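Visitor: At position 7 of the sequence shown the residue is numbered 7 (the numbering used here), and the sequence of numbers has no breaks.
Note that these hints are calculated values from the structure, not bench results.
Note that the coordinates shown come from a computational prediction; the quantities given were computed from them, not determined experimentally.
One or more hints might be untrue.
Okay, derived cross-link-like pairs now, SDA-like style, lysine to any residue, Cα gap no bigger than 20 Å in a straight line [said to hold, decoys possible]:
no.: 1; residue 1: K4; residue 2: L69
no.: 2; residue 1: K65; residue 2: A3
no.: 3; residue 1: K65; residue 2: A5
no.: 4; residue 1: K78; residue 2: S7
no.: 5; residue 1: K77; residue 2: D9
no.: 6; residue 1: K12; residue 2: I57
no.: 7; residue 1: K12; residue 2: Y62
no.: 8; residue 1: K77; residue 2: E33
no.: 9; residue 1: K4; residue 2: I59
no.: 10; residue 1: K65; residue 2: G54
no.: 11; residue 1: K65; residue 2: V8
no.: 12; residue 1: K12; residue 2: C24
no.: 13; residue 1: K78; residue 2: Y62
no.: 14; residue 1: K4; residue 2: T14
no.: 15; residue 1: K77; residue 2: D10
no.: 16; residue 1: K12; residue 2: L69
no.: 17; residue 1: K12; residue 2: G54
no.: 18; residue 1: K4; residue 2: G54
no.: 19; residue 1: K12; residue 2: V55
no.: 20; residue 1: K12; residue 2: Q72
no.: 21; residue 1: K4; residue 2: W50
no.: 22; residue 1: K65; residue 2: T25
no.: 23; residue 1: K4; residue 2: D64
no.: 24; residue 1: K4; residue 2: H67
no.: 25; residue 1: K12; residue 2: E61
no.: 26; residue 1: K78; residue 2: Q6
no.: 27; residue 1: K77; residue 2: H67
no.: 28; residue 1: K77; residue 2: Y66
no.: 29; residue 1: K12; residue 2: L1
no.: 30; residue 1: K65; residue 2: C24
no.: 31; residue 1: K4; residue 2: E61
For each label pair, taking beta carbons as the anchor points, the in silico distance ranges come out as [unchecked claim]:
no.: 32; residue 1: T39; residue 2: G79; range: 48 to 54 Å
no.: 33; residue 1: Y38; residue 2: H60; range: 26 to 32 Å
no.: 34; residue 1: L43; residue 2: Y66; range: 29 to 35 Å
no.: 35; residue 1: L43; residue 2: Q70; range: 33 to 39 Å
no.: 36; residue 1: S7; residue 2: I57; range: 20 to 26 Å
no.: 37; residue 1: A41; residue 2: H67; range: 34 to 40 Å
no.: 38; residue 1: Q72; residue 2: A41; range: 37 to 43 Å
no.: 39; residue 1: R76; residue 2: L15; range: 34 to 40 Å
no.: 40; residue 1: V45; residue 2: E68; range: 33 to 39 Å
Glycine included, every Cβ here is placed at the ideal spot set by N, Cα and C.
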Amino acid sequence: LIAKAQSVDDLKLTLDILTWAQLCTLPSGVLAEQVHPYTHAPLSVSPLTWSHAGVVIAIHEYIDKYHELQAQLHHRKKGT
1 LIAKAQSVDD
11 LKLTLDILTW
21 AQLCTLPSGV
31 LAEQVHPYTH
41 APLSVSPLTW
51 SHAGVVIAIH
61 EYIDKYHELQ
71 AQLHHRKKGT
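Build out the structure end to end from the sequences listed, making use of the hints.
Guide: Set out below in structure tokens:
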């Protein structure tokens, strides 16, 4: 989703997914490997390092892509 985004609006679903992941954390901030899609209850091991790593990587990719798309938009507006 992030790599294919052509506009900031295209990133909305990614932000929704990252927000959902945040809602799935335990009170300590720990992420389980698997969570129930509706109750957000952990269904497996907690914490799981690669669950955290995956979220951190996705956040970094999201921020980079967001800045890239904002710069393109700013450049286009400047050129008109």
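Visitor: Each hint should be assessed against the structure and marked as holding or not.
Guide: Structure-based check of all given hints:
| no. | hint | verdict |
| --- | --- | --- |
| 1 | K4 x L69 | holds, 11 Å |
| 2 | K65 x A3 | holds, 7 Å |
| 3 | K65 x A5 | holds, 8 Å |
| 4 | K78 x S7 | holds, 17 Å |
| 5 | K77 x D9 | holds, 17 Å |
| 6 | K12 x I57 | holds, 17 Å |
| 7 | K12 x Y62 | holds, 10 Å |
| 8 | K77 x E33 | violated, 43 Å |
| 9 | K4 x I59 | holds, 15 Å |
| 10 | K65 x G54 | holds, 16 Å |
| 11 | K65 x V8 | holds, 8 Å |
| 12 | K12 x C24 | holds, 19 Å |
| 13 | K78 x Y62 | violated, 24 Å |
| 14 | K4 x T14 | holds, 11 Å |
| 15 | K77 x D10 | holds, 19 Å |
| 16 | K12 x L69 | holds, 13 Å |
| 17 | K12 x G54 | holds, 18 Å |
| 18 | K4 x G54 | holds, 18 Å |
| 19 | K12 x V55 | holds, 16 Å |
| 20 | K12 x Q72 | holds, 17 Å |
| 21 | K4 x W50 | violated, 23 Å |
| 22 | K65 x T25 | violated, 25 Å |
| 23 | K4 x D64 | holds, 13 Å |
| 24 | K4 x H67 | holds, 14 Å |
| 25 | K12 x E61 | holds, 14 Å |
| 26 | K78 x Q6 | holds, 19 Å |
| 27 | K77 x H67 | holds, 15 Å |
| 28 | K77 x Y66 | holds, 16 Å |
| 29 | K12 x L1 | holds, 10 Å |
| 30 | K65 x C24 | violated, 24 Å |
| 31 | K4 x E61 | holds, 12 Å |
| 32 | T39 x G79: 48 to 54 Å | holds, 49 Å |
| 33 | Y38 x H60: 26 to 32 Å | holds, 28 Å |
| 34 | L43 x Y66: 29 to 35 Å | holds, 31 Å |
| 35 | L43 x Q70: 33 to 39 Å | holds, 37 Å |
| 36 | S7 x I57: 20 to 26 Å | holds, 22 Å |
| 37 | A41 x H67: 34 to 40 Å | holds, 35 Å |
| 38 | Q72 x A41: 37 to 43 Å | holds, 41 Å |
| 39 | R76 x L15: 34 to 40 Å | violated, 22 Å |
| 40 | V45 x E68: 33 to 39 Å | holds, 35 Å |
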